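**Q** So you can see what is in the structure, the chains are spelled out below.
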Amino acid sequence: MLEVNDLHAYYGKSHILNGVNFAMQEGEVVALLGRNGVGRSTTVKSIMGEVPPQGSIRFRGEEIAGMPNHRIARRGLGYVPEDRDIFPTLTVRQNLELGIKNTRKPGKWKVEQFLDMFPNLARRADSPAGVLSGGEKQMLTISRTLMGDPELIMIDEPTEGLAPLIVKQIGELISEIAKAGVSILLVEQKLSIAMDISHRVLVMGHGQIVFEGTPEELREDEATRKEWLEV
Amino acid sequence: AETVKLALIDPLTGPMAGAGQPAFEHLKFEAKRINANGGINGKDLEIVGLDNKVNPQESLVQLQKAIDDGVQFVTQGNGSSVASALIGAVEKHNQRNPGKEVLYLNYAAVDPSFTNERCSYWHFRFDANADMKMNALTTYIANNEDIKKVYLINQDYSFGHAVSKAAREMLKEKRPDIEIVGNDFHPLAKVKDFTPYVSKIQSSGADAVISGNWGQDITLLVKAAAEFGLDAPFYTYYGASSGVVTQLGDKGVDRIYQINEYYGDFEDPEMAKRQVEMYKETGWDFYYLRLSTMLDMFKKAADKAGSTDSVEIAKAMEGMTLETTNGEVMMRAEDHQIQLPMFMSVMQDDMEYGAEGTDYNFHKVARIEREDVTLPTTCRMRRPK
Amino acid sequence: MSALSIKGLTKNFGPAEVICGVDLDVAENEVHAVIGPNGAGKSTFFNLLSGAFPPSSGEIYLKGERIDGLSPEKIQQRGLSRSFQVSNVFGNLSVFENIRCACFKQSGAGYVFWRPAGKVRAANQRADEVLEMIGLQALRDVPAGALPYASQRALEIGMTIAGGADVVLLDEPTAGMSNTETTQAINLIRQVAQGRTLMIVEHDMGVVFELADRISVLVYGKIIATGTPEEIRNDPRVKEAYLGEEAA
Amino acid sequence: MLEIVIFSTLNGILYGLLLFMLSSGLTLIFSMMGVLNFAHASFYMLGAYFAYTLGMHTGFWPALILAPLLVGALGALVERFGLRRVHANGHVAELLFTFGLAYVIDELVQMMWGTVAVAYREPAYMREPLFTLFGTDYSIFRGVVILISILMFVALWYLLKKTRVGLMIRAALTHGEMVGHLGHNVPRLFMGVFGFGCALAGLAGVIGGPIMSTEPGMAATLGPIVFVVVVVGGMGSLQGAFYASLLIGLIQTFFVAVNASVADVFNAMGANLDPYGELGRISLATLAPMTPFILLVLILIFRPRGLMGELEP
Amino acid sequence: MSQDLSAAMQRSKSRPSLRGLVPWVVFAAVLLLLPFVFQGNSTAFTLLNVIGINIVFALSYNMLLGQGGMLSFGHAVFFGLGSYAAMHAMIAIDDASYAGEGFWAHVPVVGMPVIGMIAGGLVALVLGWPFCRRAGTAFAMITLGLGEMVAAAGQMFPSLFGGEAGIYGNRMVGPQWFGLELAQSADVYWFMAFWTFVAVFAMWAFTRTPLGRMSNAVRDNPDRLQFIGYQPRNIRFMIFIASGSFGGLAGGMAAVNYEIITPEALGLIPSGLALLMAAVGGLGVFYGPIVGAIVVTLMNSMLSDYTDASILYVGLVFLSIVMFAPRGLGGGIEQVRVAWRDGDLGRRLPGWLSGTLAVGLIIVGMVVLVEMMFQATHGDDEFAQVLGMEFDAAALWGWLTAAVLVALGVVIKRATNKLREDQA
Ligand SMILES: Nc1ncnc2c1ncn2[C@@H]1O[C@H](COP(=O)(O)OP(=O)(O)OP(=O)(O)O)[C@@H](O)[C@H]1O
Ligand SMILES: Nc1ncnc2c1ncn2[C@@H]1O[C@H](COP(=O)(O)OP(=O)(O)OP(=O)(O)O)[C@@H](O)[C@H]1O
Ligand SMILES: [Mg+2]
Ligand SMILES: [Mg+2]
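Protein chains in written order, with the working numbering: chain A, 1 to 231; chain B, 232 to 616; chain C, 617 to 864; chain D, 865 to 1177; chain E, 1178 to 1601.
In case anyone wonders, no lab produced these hints; they're calculated from the structure. From a predicted model like this one, the values you see are computed outputs, not experimental measurements. In this text, a Cβ means the ideal position worked out from N, Cα and C, and glycines have one as well. Hints may contain errors.
[Said to hold, decoys possible] Here chain B is said to cover these stretches of chain E; the calculated rule only asks that three of the stretch's residues, wherever they fall, bring their Cβ under 8 Å from a Cβ of chain B:
hint, segment
1, 1208 to 1220
2, 1299 to 1310
3, 1428 to 1437
Given these sequences and hints, build the entire structure.
**A** This is the structure:
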């Protein structure tokens, strides 16, 4: 469903992505691993067009590289950025409502459903989202993106800054999303979670994909782990 | 060929250009006539336009440019601030650069002090000053027995206060029975809505309003009055200045009066023709009649002196008289203030020559003779040796 | 005397009570960690201590002096300084300048405009020391906004201690760091802790257990437990509220 | 006395509503895009001039619709090809852009329509009195003005508070990119808002032109007052702008009606101040047109978030 | 690690301190040489004097906006009041030297900028505190209000401000210093050069002081400032005073130069001029406003000789700078300088040149367009003739030329952007 071919990306003069290739199937959960600063976030950003991509990105067979981001989103790609970007002046509920792309066609997910799932959000449903704690913001962004009924959702560091209990909760949410038939591309640092929920893992190094396989394969491949993940 | 340059330092661009451009065009139009009749002592008169954006400091820069360009005569009219700067600068320049004297011919800055306590040998004023205009205006009002209550409304700055003060003093002297039922000041060019003032005038029961307002301040004031059905006439200094007629339309008819040396229906066929010609050629009205007077006197002085040197011309111009379409005018030697008859006119519809391409124009209703306009001066002129 | 002593501290935002009657004593030279679930009020707690918000009620004593209700700069001048959960530096100024700015006040050159900054010896020296301590000498002239994330976090800590405070609050100093970076950060924090009282908020239990002398657990505005890492690790309430079953 | 009170109130409300019409577009643009549009008054001027020129061919009512549409389209173009480029450089750059734009528009207007005023007037039948009170007329046109401005307020309030578009734009103000990631076309949204705000200014021009006269200086003199309204009302608050407009309108008209001067006050207390002296002659009436600015400074000192604003600017 | 970073690290090694003096020596040399270049041309001196005033004015404004992040619409208040103070002092000198005794009889006119500076600083001190609570829009608006109010007051109190005609004095009074007679603009030049140099140096030095550094900090992140022990408001207030003082100093220079000051000098238009000069020159570079002051002053005083659309051109130039060169002319110069220093110039120059060419073409196209519109509505304009354009506005080809020029510019601009992207 998503095919990335020879993707390059730059920040000013620095060449960050150096020919990234990978593909994802329908309903798959894929984790994108790698050390800090190898360019995982940049990969998802260039898929969304936030960083100008060079190379080919196809979604459901259609070339989306270079499209404005709203059109990409309209094609069914959801994105949860790593710095959360909640809308601080809107209320929690309004934040969720803005996730809806088309008000006339109700989607799979409902506002109430998320409020049930995260009592913290329910408590603050009508206060401005700017006052939420770091963790609450994270819950809100994932929920907000889901409101738009994406077919593939890319989540950048979903468990960053979360309490251990909540990390578990987010893990469950991700599994639930997967069960609902949404494909997931997970950008993660914490090996354990990624290994638990994903079908396949990709490891990045030097701006390229250096390993591709199942979690089990990665677990066994000590060389790769040593070289590309641990320090 | 050698020319005599007269530099106009006035706003030629920006929001005030509407005041400077007509003067520029008028000067150029009249210069053509003068050049066709032999020019200034045989030389062609050339009008140089210099844009000062009505800013005194910028005017000084432009003055310096003019001087470097060999200009010995400058003229200006818009803004007493600029006039004040020019008088000072010309005075100092002439003092510091003997042999390169510059004359300043003022065609519209009416602050009385310029020909009284601040009078300067190098400054000649071709417009009646504010007090003279008020003298003429009050003479007209004094002759109108129906006026018992007068309302004063003026802009809140030195000129507006001068107008108000002169009106109060002169009315008191000429018609002690007239009651001043209001004396309002409003900030310069800040009021968008004059209806509250008009309400006030209305409830004061005034028979007449006197105002020195200019620009939008007079247009909006009279417009508000018309909309409110206020019938009192407005006796003004600048009721016919550019744009007023267009904006007021029938709202100004029989309502707005102006005291000036100009009015829209010249009896002199020669002038009537010239006025039409000028509109055709430049798109501007003949509003600044005094510019024609100024150039004519300039020419006469040059011819009399037999020279185009500024010092000679200044000497010749002192006390000079000139026959104009309105009768004889005289440049008083004591203070370099022109002495001239004035006219009260009122806006009317269906005029033979309409101002600004409309059918409206100012129709002469009274002539105030030179003797009734003139005022003594406190000037103690310091003349060069 | 305890470095920080907090009595009955509460904070309401409108009807919501975010901090509900917290009592806490932090001993001098102690490293004290505050942990708790998201939204428990840890950042708010720090905001109250550092004067960003006034408390709704309660008292805060810094080395015996009452500081609640004072403005942040007054509190800072009395020796309490804090870092932020999200990096909060002067983006267009160089790394060195960021730190030096934090030093002027202490060097007695706070509002000086008659002497070049380069001539304010004390501030320059201090800034160089701090720069060395946080290991950013090489990036001295780089605008802070262009720094890599981890370096920015280090700078954040550097600015916090540069002003000479001896009570330092760090809000999630290792958030978003990789393992190596975290190790470096731990070392830095250890160094910082020398001769200072430290309070940190952290979700990374590895960091917490490694650094903290004592830990307080904040849950929905209340401290449910305070104790040594060992005590906390074994506290059933903490497990339930925060750590979950397979505690770190 | 009653007469003065009634008229001052009517005048104050009318002037206030005119101010509101002018400032509503600015408030809209400011609250949604964070752009303090210095050229707003220039778009207002364009509205008046367009209506004047169109009106000669189409008559007043079609011009009332067409002129704002034209101004709106122009505004949209300005956003698309100018403001959008500048957006990335922050709010000061945007402000500078509109500052320069004001210059350019004002000059272009002078070039096209000349340096003196044009004869833009309301249709003759609207000059008839709607009613006459104490011998003073209140024209139909003034009634129309009041009606239109109230309609405008209601429509805008609905748009801002009750529609998703309002939400989207408020969200885009802080995280534009993110709104795009959610599948909303942010650039088009901004273009629309800016265009709409300018169209509102244009509408105000169509209405205000005949009342306040249509001349090249009309933008420059009104510009600052509009800002006062927006700030006093509370940045970005539509209700705030509404109340602030009325407040300013009423204060100004009532002050004009009061003759008390500094000298009166002092002399009442036994001092002996020359009523024609510089200080003594200052009266409420002379200060009236300055009250907006006095109010502005006071508000910013004592209540920086304005009458109804949520945030401090 | 990115190249930018490593380049910056390279640079940070160490800098010879003498290098810092070079620009000042050059600046002084230029000031000393100019009179010989323009000998006998008093218009040039008049303009140079105005430029000197505007340089100080624009730089003082940039202390607020560029360095402190405070956008002001009332900066002319300091300029104007400083000018008034200096003028009153000049009048006092005149009166006193007539009598030949008293304090003022011993004060030289060349010292007037000091009076202006004190006045400007005092005014800022008295007014500033309530204004400096916030930066941003609130500050911009409150200064707008202040400007309007002071300008109105200027008209209301003629005894202090001289009414519309203003107050005027004579600079050739009191003791002479250095034999400077101050009669001609060429004499005044030395006075201007001295004060411009002093003020520019002082303002530059200010940026190097702790307070100058803190002013950048308060611009970048006022909230954080509190937590390193500063009240942002205090810093803003002190910048405000400093900026007001230098604004007043410029006013003092103006008083001597023009020998007249009118209430208009307090208003919105001169305040806007300061903003215009600073923005055209560039807010982010210290010398930006100097460049801006030179360019804007020349455009203001000279352009109107050639065309009646001069203000339009000023507006268009300003717009294109905001759009295409957001860091101003100074920023552009700085970019070239940095590239040259980094040995990068050769590679980046083609991009810049073609970018400049593109903007140039667009501007020329616009000029043609404007001039034709002008001809269509007003008849001939001199500027069109200066450019050798004798268009018949009705003829199609003139309009076509304009369109083609603009289109060409846009195409080149596009291509340039692409080129730069590829290079990056
Ligand atoms: N806006 C930017 N400008 C310049 N360089 C950047 C920018 N954002 C990221 N980089 C650099 O690009 C590289 C890759 O960044 P990216 O955010 O993709 O890393 P990541 O793998 O997601 O790591 P992290 O764990 O930090 O999120 C890093 O070296 C980073 O310093
Ligand atoms: N200004 C405010 N107004 C209203 N509620 C607020 C405000 N600031 C914080 N809150 C609420 O107070 C609670 C505590 O927030 P705080 O940021 O202190 O949490 P935290 O413990 O730091 O969480 P995290 O670990 O996720 O950062 C949250 O529920 C938050 O929504
Ligand atoms: Mg990342
Ligand atoms: Mg927190």
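**Q** If you look at each residue in the segment 1299 to 1310 of chain E, do at least three have a Cβ nearer than 8 Å to any Cβ of chain B?
**A** violated (count 0)
**Q** How does the segment 1428 to 1437 of chain E fare against chain B when you require at least three residues with a CB closer than 8 Å, holds or violated?
**A** With 4 residues closer than 8 Å to chain B, the segment 1428 to 1437 of chain E meets the three-residue bar; holds.
**Q** Please count how many residues of the segment 1208 to 1220 of chain E have a CB within 8 Å of a CB from chain B and say whether that reaches 3.
**A** Coverage by chain B holds for the segment 1208 to 1220 of chain E (3 residues, Cβ < 8 Å).
In this structure, the one hint that does not hold is number 2.
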